[in-house]
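Student: Throw the hints in and build the complete structure from the sequences for me.
Going line by line, the protein sequences match chains B and A. Just so you know, we're using this note's numbering here: the first sequence kicks off at 1 and counts up by one. Just so you know, we're using this note's numbering here: the second sequence kicks off at 1 and counts up by one.
Simulated from the structure, these hints should not be mistaken for lab results. The beta carbon of each residue, even a glycine, is placed where N, CA and C say it ideally should be. Among the hints, a few may not be true.
[Claimed, not checked] Beyond 10 Å from chain A on every Cβ pair, some chain B residues (computed): (1) Arg12; (2) Asp38; (3) Asp43; (4) Gly80; (5) Arg131; (6) Ala158; (7) Gly205; (8) Thr206; (9) Val232; (10) Arg250; (11) Arg251.
[Claimed, not checked] FRET-style restraints, in silico, Cβ to Cβ: (12) B/Leu142 with A/Gly161: 45 to 53 Å; (13) B/Lys70 with A/Ser119: 33 to 41 Å; (14) B/Thr149 with A/Arg211: 51 to 59 Å; (15) A/Ala142 with B/Asp109: 48 to 56 Å; (16) B/Arg113 with A/Asp71: 19 to 27 Å; (17) B/Gln147 with A/Gly197: 37 to 45 Å.
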Amino acid sequence: MIRVIPCLDVDRGRVVKGVNFVDIRDAGDPVELAARYDAEGADELVFLDITATHEERDTIVHLVERTAEKVFIPFTIGGGLRTEDDIRAVLAAGADKVSLNSAAVRDPDLVERAAMRFGDQCIVVAIDAKRRADGSGWEVYLAGGRQETGIEAVAWAAEAARRGAGELLVTSMDRDGTQAGFDTDLLSAIAAAAPVPVIASGGAGTLEHFAQAVTRGHADAVLAASVFHDGVYSVGEVKAAMARDGVPVRR
Amino acid sequence: MTEAGAGPVVALLDYEMSNLRSAGKALERLGARVRVAARPDETRGADAIVLPGVGRFGAAMERLAAHGFVDMLRGAADGGTPVLGICLGLQLLFDESEESPGVPGLGLVPGRVERLRTSLKVPHIGWSEVDWREGSVLAPAAGGPAERTYYFVHSYACVPGDPDDVRGMATHGSAFVAAAGRGSVEGVQFHPEKSSGAGLALLGRWLDAVRHPPVVPA
Chain B
1 MIRVIPCLDV DRGRVVKGVN FVDIRDAGDP VELAARYDAE GADELVFLDI
51 TATHEERDTI VHLVERTAEK VFIPFTIGGG LRTEDDIRAV LAAGADKVSL
101 NSAAVRDPDL VERAAMRFGD QCIVVAIDAK RRADGSGWEV YLAGGRQETG
151 IEAVAWAAEA ARRGAGELLV TSMDRDGTQA GFDTDLLSAI AAAAPVPVIA
201 SGGAGTLEHF AQAVTRGHAD AVLAASVFHD GVYSVGEVKA AMARDGVPVR
251 R
Chain A
1 MTEAGAGPVV ALLDYEMSNL RSAGKALERL GARVRVAARP DETRGADAIV
51 LPGVGRFGAA MERLAAHGFV DMLRGAADGG TPVLGICLGL QLLFDESEES
101 PGVPGLGLVP GRVERLRTSL KVPHIGWSEV DWREGSVLAP AAGGPAERTY
151 YFVHSYACVP GDPDDVRGMA THGSAFVAAA GRGSVEGVQF HPEKSSGAGL
201 ALLGRWLDAV RHPPVVPA
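Tutor: This is the structure in structure tokens:
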């Protein structure tokens, strides 16, 4: 079955882009939102920690502990994890997986060390990719699309999988925030190059887009943030649309 | 985790191979009194035992032995104490695994553990529907497919030597054993504590069976 994964941006333990569900007491509380998404049929959750200062990073560990006590679907923590100790802290607190992005690009060996120590299944490598102007594939970007790396995205995806990434979270920086649909060329290129599940991210705008990530992009999971948070679509609506297009989902 | 209340006392084995928080909280939500046990004497008097596990078969057997749990589990199974193995905890119930050749498992269910034989991607990560055998205490009595769909993360699956020990099957490109059991021992390849309402309901049925053991025909 194809997984549908809402992503929540968290800053110092609070949700940044809140959802205005009428029946939620505290829309800024990630745990309440997570429980709500669980009840709606989300298959997994990703918390992206955007807390800027290192001193306040303990807030994420506390959030993981609270989430693990109340939410009974898998969840991944991404953002700001740099070392094996950072990874160990959130896994020990109850996270199922961690997502490594810039730390993996700067120190690819970290993927290998973390996979050996914690298991491939809990190491997700997140890749932010932008199409090259000359059309020769995609380039890996860091810092939310601001920093070029000179690394080719499909090759990096294959290397990350070889080094032990259990899954790849692939975000198209060209499509992110545009609601123009997932970059299915990028997704299918990576799905063909790496023998691990691919999570599609960036560009979801219409209900049809989600199935396209699978039928054209060969993704194993679809992730979105704003369409869920802004209440454009519910998880249930997305799954119903995917099922109509022949994509197997849990309903 | 506390033992206040009137539900069955469940010993949750802590042998440093998995995070126990979600499993413990799920069982507590269902009324169990959860006791995290790192030594065999801490399981004494428990009504049932949960054997969780994530990681490699060989490393897990080593940790189980270091904690003195191997003989304890064999004794518990012989004495009819309900045991529930989760994920790697299911695989450890068997004689051996292709993942760690030469390392003996617990041997509570005859058979071996093999790498998933499939054309699809391994590890199998995601939700799959389980086709339950009739009569399993873990099987839902009714409900739609969502009530039988659980979250899996695994590269290996068990192959019971006795087909009667198979409790449920699932498919990832090809069919594999999703649940198995023998006597008072049950095991599931998926993570009920991560399988939303369907998983919590399964744990609830297991706790019901702990409270009211099924009558086994002589």
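Student: For each hint, tell me whether it holds in the structure or not.
Tutor: Hint check results:
1. For B/Arg12, the shortest C-beta to C-beta distance to chain A comes to about 22 Å, beyond the 10 Å cut-off, and the non-interface label holds.
2. Listed as outside the interface, B/Asp38 is inconsistent with that label: its C-beta sits roughly 6 Å from the nearest C-beta of chain A, within the 10 Å cut-off.
3. Residue-level check failed: B/Asp43 sits 6 Å from the nearest beta carbon of chain A, not beyond 10 Å.
4. Remark: the non-interface label on B/Gly80 is consistent with the geometry, its nearest Cβ contact in chain A lying 20 Å away (cut-off 10 Å).
5. The beta carbon of B/Arg131 sits about 25 Å from the closest Cβ of chain A, which is more than 10 Å, so the claim that it is off the interface holds.
6. With a least CB separation of 14 Å from chain A, B/Ala158 remains clear of the 10 Å interface cut-off, as annotated.
7. Separation of B/Gly205 from chain A is adequate, the least Cβ-Cβ distance of about 24 Å exceeding the 10 Å criterion.
8. No beta-carbon of chain A comes within 10 Å of the beta-carbon of B/Thr206; the shortest separation is about 24 Å.
9. Remark: the non-interface label on B/Val232 is consistent with the geometry, its nearest Cβ contact in chain A lying 23 Å away (cut-off 10 Å).
10. The claim that B/Arg250 is not at the interface with chain A is violated, since a C-beta of that chain comes within 10 Å of its own (minimum 5 Å).
11. Consistency note on B/Arg251: stated as away from chain A, yet its beta-carbon is not over 10 Å from all of that chain's, at 6 Å minimum.
12. At roughly 52 Å, the beta-carbon separation of B/Leu142 and A/Gly161 lies within the given 45 to 53 Å, and the hint holds.
13. B/Lys70 and A/Ser119 have their C-beta atoms about 38 Å apart, which keeps the hinted 33 to 41 Å range intact.
14. The supplied range of 51 to 59 Å is met by B/Thr149 and A/Arg211, whose beta-carbon atoms lie about 58 Å from each other.
15. Here the CB-CB span from A/Ala142 to B/Asp109 is close to 51 Å, well matched to the stated 48 to 56 Å.
16. Between B/Arg113 and A/Asp71 the C-beta distance comes to about 35 Å, which lies outside the given range of 19 to 27 Å.
17. Here the CB-CB span from B/Gln147 to A/Gly197 is close to 42 Å, well matched to the stated 37 to 45 Å.
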